[in-house]
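Q: Sequence:
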Amino acid sequence: MRTYLSFFIVFVVGVASGALPFLLQASRSETPPALRAYNPASESPPRPAPGDGHSDPTSLARPAGTSCEAALAQTRQAHTLAIQERDAARTQNQELTELIDRTSAALPMAFPTQLDEAFRPEHFEQMVDQLKAECPEIFPPETTVNCAEYPCAMEFPLDHEGDPQEAWRFDYKAACPAISTLFGHARQQPMVNTVGDQTRVQYMVHGTGVGLDQHLKEHHQKLQNRLQKRWHDERQAMYRDSFEEPCLSAGDAHACRELANAHWNTTEERELYLQTACDADDANACNNLAWERCYGAGQCDATAESIARQAVALSPENGYIIHTLGEVLCQRGQPAAAARTWESACNIGHDLSCTEICSR
122 MRTYLSFFIV
132 FVVGVASGAL
142 PFLLQASRSE
152 TPPALRAYNP
162 ASESPPRPAP
172 GDGHSDPTSL
182 ARPAGTSCEA
192 ALAQTRQAHT
202 LAIQERDAAR
212 TQNQELTELI
222 DRTSAALPMA
232 FPTQLDEAFR
242 PEHFEQMVDQ
252 LKAECPEIFP
262 PETTVNCAEY
272 PCAMEFPLDH
282 EGDPQEAWRF
292 DYKAACPAIS
302 TLFGHARQQP
312 MVNTVGDQTR
322 VQYMVHGTGV
332 GLDQHLKEHH
342 QKLQNRLQKR
352 WHDERQAMYR
362 DSFEEPCLSA
372 GDAHACRELA
382 NAHWNTTEER
392 ELYLQTACDA
402 DDANACNNLA
412 WERCYGAGQC
422 DATAESIARQ
432 AVALSPENGY
442 IIHTLGEVLC
452 QRGQPAAAAR
462 TWESACNIGH
472 DLSCTEICSR
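Heads up: the sequence shown begins at 122 in the working numbering, then just goes up one per residue.
None of these hints come from the bench; they were simulated from the model. From the three backbone atoms N, C-alpha and C, an ideal C-beta is built for every residue, glycine too. One should not assume that every hint holds.
[Said to hold, decoys possible] Here are the simulated EDC-like cross-link-like pairs (lysine to aspartate or glutamate), alpha carbons at most 20 Å apart as the crow flies:
1) 253 x 276
2) 253 x 292
3) 350 x 366
4) 294 x 276
5) 343 x 216
6) 338 x 243
7) 350 x 389
8) 343 x 354
9) 350 x 390
10) 253 x 263
11) 338 x 270
12) 343 x 219
13) 253 x 280
14) 343 x 355
15) 253 x 243
16) 294 x 255
[As the list claims (entries may be wrong)] FRET-style restraints, in silico, Cβ to Cβ:
17) 362 x 422: 27 to 37 Å
18) 454 x 309: 47 to 57 Å
19) 296 x 423: 49 to 59 Å
20) 473 x 229: 41 to 51 Å
21) 480 x 276: 46 to 56 Å
22) 276 x 238: 20 to 30 Å
23) 481 x 296: 20 to 30 Å
24) 417 x 473: 13 to 23 Å
25) 358 x 454: 38 to 48 Å
Using the sequences and the hints, build the whole thing.
A: The following block contains the structure:
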């Protein structure tokens, strides 16, 4: 019995002594790796171990089955094409910018370098002063000079003796020979604006200079566009002077219609004047407002229909106005109502309504 007990004690002690180092090893915290400086002169750069979240640089070098030379050639070709596309876009943008500069009415005309000194802003006013001195009946003291852009213009009132066409037929050179003396062979372009019994003339002098004709030929479209814009701006200014106060302050429908007609090329102002006239129960203004809202602004909505119905209520025997209501109803997806409206316009003699068909 003692023998067996001794053997068991020896066995237990042996097992315990052999397992103790293992248990101590498992319970000890992991020792951090030793740090070692990298010497680029004598070593290759360390590479991350697979699976540590970093990609292998060699895996990004090229598609499988493609040599380095072929991949490089493809990259260079793509780079060359990208540069060519960029340069083409730049060239196109430059051409469009130059085209806008040569034609746009929104941009003022610069004074050409070829223009003779006499027709530049600093001297032009002196020439006009001479005209005013020699021909005061044509160029009265109210004559003004505008050299904000090329060409300089003088503006003066003209008595057309009750005939608006007389202002267009007037021979300025015959009435004032000094024009030919001072301006010589320069091209002159009178722009006439008549509002009621008031007429003003914008006299544009293109001037002279070596190479000027060729320059103006190259910029002909822009010059004409700018002259037209300046003429329209002056006309609208005259209408505002004459009619804006009675239109906006007194609600004078006639004055508002005149302003709307003068502002045919400026949507916001035209809509304002038409709306004011419509509010003053002017059937034609309501009709025009409904039409332009529906077709001009693309807003054929309930408001356009309401305005068109207001126009018909104000002028129920006007076939043209009834026809407009039919157009609005058709555009709003009401073909049956449009057909009935056109039929009523046809019945009172509006022939166009007799053949209208709503295809919406």
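Q: Taking the hints in turn, state whether each one holds.
A: Structure-based check of all given hints:
1. 253 x 276: 12 Å, holds
2. 253 x 292: 17 Å, holds
3. 350 x 366: Violated, at roughly 24 Å.
4. 294 x 276: Cα-Cα ~16 Å, so holds.
5. 343 x 216: 15 Å, holds
6. 338 x 243: 25 Å, violated
7. 350 x 389: Cα-Cα ~17 Å, so holds.
8. 343 x 354: Between residue 343 and residue 354 the Cα gap is close to 16 Å, so the pair holds against 20 Å.
9. 350 x 390: Distance ~16 Å between residue 350 and residue 390 Cα, so the pair holds.
10. 253 x 263: 9 Å, holds
11. 338 x 270: Within the cut-off at roughly 18 Å; holds.
12. 343 x 219: Holds, at roughly 11 Å.
13. 253 x 280: Given pair residue 253, residue 280 holds - Cα atoms ~16 Å apart, limit 20 Å.
14. 343 x 355: 18 Å, holds
15. 253 x 243: Holds, at roughly 17 Å.
16. 294 x 255: Satisfied, since the Cα-Cα distance of roughly 13 Å is no more than 20 Å.
17. 362 x 422: 27 to 37 Å: Hint holds: Cβ distance 35 Å, inside 27 to 37 Å.
18. 454 x 309: 47 to 57 Å: At roughly 55 Å between Cβ atoms, residue 309 and residue 454 fall inside 47 to 57 Å, so the hint holds.
19. 296 x 423: 49 to 59 Å: 58 Å, holds
20. 473 x 229: 41 to 51 Å: 44 Å, holds
21. 480 x 276: 46 to 56 Å: 51 Å, holds
22. 276 x 238: 20 to 30 Å: 23 Å, holds
23. 481 x 296: 20 to 30 Å: Violated - the Cβ-Cβ distance for residue 481 and residue 296, about 59 Å, lies outside 20 to 30 Å.
24. 417 x 473: 13 to 23 Å: At 20 Å between Cβs, range holds.
25. 358 x 454: 38 to 48 Å: This hint holds: roughly 42 Å between Cβ atoms.
In terms of the numbered hints stated before, the structure departs from hints 3, 6, 23, listed from lowest to highest.
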